[in-house]
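Asks: Each chain, written out:
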Amino acid sequence: MPVLRIGYLLAFVPIAIAVNWFAPQRHFAAFAAASAAIVPLAAELGKTTELLAEKTSAGVGGLLNATFGNAAEMIIGLTALRSGLGDVVKASITGSIIGNLLLVLGAALLAGGLRHPTQTFNAAAARSRTTMLLLAATALIAPAAYNHLAGGRAAAGENSFSFEVSIVLILSYLLGLVFTLRTHRELFAGHTAEVGAAEEEDEASPRVFWLLATLAAASALIAWMSEILVGSIQPVARQCGMTEVFVGVIVVAMVGNSAEQSTAVLMARKDRMDLALSIAIGSSIQIALFVAPLLVLASYLVAPAPINLVLTPAEVLAVTFSVVIAGQICGDGESNWFEGAQLLAVYAIVSLLFYFLPAR
Amino acid sequence: MPVLRIGYLLAFVPIAIAVNWFAPQRHFAAFAAASAAIVPLAAELGKTTELLAEKTSAGVGGLLNATFGNAAEMIIGLTALRSGLGDVVKASITGSIIGNLLLVLGAALLAGGLRHPTQTFNAAAARSRTTMLLLAATALIAPAAYNHLAGGRAAAGENSFSFEVSIVLILSYLLGLVFTLRTHRELFAGHTAEVGAAEEEDEASPRVFWLLATLAAASALIAWMSEILVGSIQPVARQCGMTEVFVGVIVVAMVGNSAEQSTAVLMARKDRMDLALSIAIGSSIQIALFVAPLLVLASYLVAPAPINLVLTPAEVLAVTFSVVIAGQICGDGESNWFEGAQLLAVYAIVSLLFYFLPAR
Amino acid sequence: MPVLRIGYLLAFVPIAIAVNWFAPQRHFAAFAAASAAIVPLAAELGKTTELLAEKTSAGVGGLLNATFGNAAEMIIGLTALRSGLGDVVKASITGSIIGNLLLVLGAALLAGGLRHPTQTFNAAAARSRTTMLLLAATALIAPAAYNHLAGGRAAAGENSFSFEVSIVLILSYLLGLVFTLRTHRELFAGHTAEVGAAEEEDEASPRVFWLLATLAAASALIAWMSEILVGSIQPVARQCGMTEVFVGVIVVAMVGNSAEQSTAVLMARKDRMDLALSIAIGSSIQIALFVAPLLVLASYLVAPAPINLVLTPAEVLAVTFSVVIAGQICGDGESNWFEGAQLLAVYAIVSLLFYFLPAR
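Residue numbers (our numbering), protein chains in the order written: chain A, 10 to 369; chain B, 10 to 369; chain C, 10 to 369.
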């Protein structure tokens, strides 16, 4: 039973809470414990989502998973906003997008490809997602470009521009939901032939209510752990001689994406590529088109000062690389292990870029 | 009879002329009247082109329409050149390219997609056009890059470079005509099966001579109206608190593209997607590969000082976004309403960018 | 017999050596003689490779050819490294990549397309190569971006970053060899049906040993001639009023690529497009993913000071243009003469850019 398994894994959670509470200066311990707590929670979340996804179509299952995976990112973002850490919010948005497109997708294609020589998926759905990624990339490049081009003359325009771009993005995202869940849902319905194969290891499939409850509980605990994580970024970065941006974009995002990571790899190993892609790419789309602009709008209510969508040039470059190469790899409806390896190579290059870039 | 219909619409033309002549300081009135005169003229132009296109193949019909649509842009450009308004010329070129690729194509895909769930078109022809767009984008990015990289050391080289790039572009365009109209014209021949369906609303199809005469007359009147429009850009921009670049790139281009706009939407509603695409994309190609370089060459004869192809960074970015996303959407030979909506979203983002950018 | 034919062509080689030895100040003569010597050698290399390729599959034949073609580039690079000419190394890497993707590929598609209306090739293999090109582009853009973003604060990080990116690239290249030659070699196996057609003009097919010996001898002589060429770049550039970068990126690369040039055109005329593409694109991939990073690593042993992968902005732009447009043209598995003409047009624009850019 999933609920019992989570009960067992909860052991990791109180350790993080205890360290954070009783030894608040032990930042690295809190950071490590919270990470250790998130990973198995994320695995449980993935498993539960899989069970739930088997009761629905691949498209809806992917959406479910992306939503629950990103609920955590949303809560992390809101926490960071309240503390006035706008740069951390933007670094975690960037890290989540490139982490999903390069690390999660790369690991899934590599793991799946090592077991199955060539894996196929719905090319029309993949191309449709790539188009949404391009829209997202445009929307994240434009504010940085505005900032660069307007120079010092437009501090006010910067926030207005981001605000209105955010509204365009949220409208696009809502239209995208109408498109994927209503008018063209058959386009995103994956192959359901191999569902039976996954059944073998499951005793009795639990009821939908319990699955949903487990999803919600796991997401909430991940969010709590993530808060501890975010709070320790600055001291841990100083301790390890890394920049805060590197820790935010690479380390935190890697932990935050572990839910998507484990589920996408699991699905790819089972050759359920439509679900694996809808998790990895769908998650990036949701963060870029929905979570990011929602955080901008929320910052007017919650944050000490409103934030904007202006990413740093390195962040813009990393997002552009990720979208272009993920689009190229997914556009033909086929994948293999080498495509996964290449995504991981680009991730390595981008990580090195953030690692070597000096703090401003 | 098309000629009579134009006679009825002529009522809008003299108003613009009268305002311009008798009340030259009423800039906003002239601007509005000229716009109002252009829109029905453009609709007539579209209808006539459609009738003519039905007598030929979709490919030739699209070329005809793009030519007549862009005759106006050409005349506007020459007028602006004579007045020494090089920046207006470049803004109207940029605006016309992004307007066709984002606004016209987006509106056509959205309007067509709301009536037909999935629309298909000749993917090979669409990809061929995308390649031409990439060549055009390269040619428009290179001079701006040269200008940026050479810094202050190369004011002379700037014009020579643009001059020679212009010659490369015109040669490419002429080769493209050989390709689309001679050696590979079967690639661009659209489906002609549904031509019969359009016939129903027409009484007696007029003779080709009258159709051509109507096309020419409508184009000439559009050109005249456009001149009034261009002359009032600067005062209207000041009056409305917008920058001249915004008015040139967005407002004027929107009116100037209304011919392509109405025809492309009409064709998409009738599911004649090959014609709709050849209008929207063909028009962009013609402007980038032919009209723009021809204006550069003409500036040596007509203008007080020669102009070059150096676009502003914001213009370069807008052209790049448009080409990449239009290429992605057209590459697979299928479209739906959401793809149209996404093109419009990118257009909204680009428009906001030009709106918020302060004048230099 | 190929060996005899090379004996006849050797006449061009001693002239270059003699000029270089007895009249070392006649730089232009040495430059011209070395170029004249390389071109027929390259043709012989191409012919021999073709004979050898006919004994194997198109994929392996292409790899053979790319290896022998790039052995020369590798030796030129090492020579330039030893002389401390890091910028020449990087210019020749850039020139070789854009020369193969634009000039060689463009000439092949044009020449083949003029004889065969539409030529088809393995689209999956072409897309796989495009993905490797994107990885290569990412890896060549990232160090330049780092350099630009870190500003003056990171002279040390620059070399470390390039060093680690180089290791990522070489690992990717080795994985790519496993992929193309082992796990997915059937993906890269071209059509072998038309092999018989090429046989007609050959008397008796020579033994593999002699073919390999001829390949090695031709490559060695090309390398020697190339050294004379490289040594005369600086004085020839000064003499002709060109910048060294233009001579390195355009002139030298054109001569250095003539092996790939002649073979790719020959193959395209015979409609063996899979071989033509694997030569043109495979060569670019090998240079970007293998030769370039190997030269960076070698510079720590051989050069007076280690070099890095930081290209100039113009070089980055040229590589980006080339990869994007070559990827677009090859992605659909079909080509025609106009696609070749467009690649040549982009090459013309890029050449003009390097020609007009003033030296720093």
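Source of the hints: derived by calculation from the structure; they are not laboratory data.
Keep in mind that this is a model prediction, so the values were computed, not measured.
Watch out, some of these pointers could steer you wrong.
[Claimed, not checked] Computed list of lysine to aspartate or glutamate pairs in DMTMM-like fashion (alpha-carbon distance at most 25 Å, straight line):
hint, chain 1, residue 1, chain 2, residue 2
1, A, K279, A, E236
2, C, K279, B, D280
3, A, K279, A, E63
4, A, K279, C, D341
5, A, K64, A, E253
6, B, K64, B, D280
[What the hints assert, rightly or not] Coverage of chain A stretches by chain C, computed from C-beta distances (three or more under 8 Å per stretch; other residues unrestricted):
hint, segment
7, 312–326
8, 343–352
We put the CB at the ideal spot given by N, CA and C, even for glycine.
Asks: Name the hints, by number, that the structure is in violation of.
Replies: 1, 2, 4, 5
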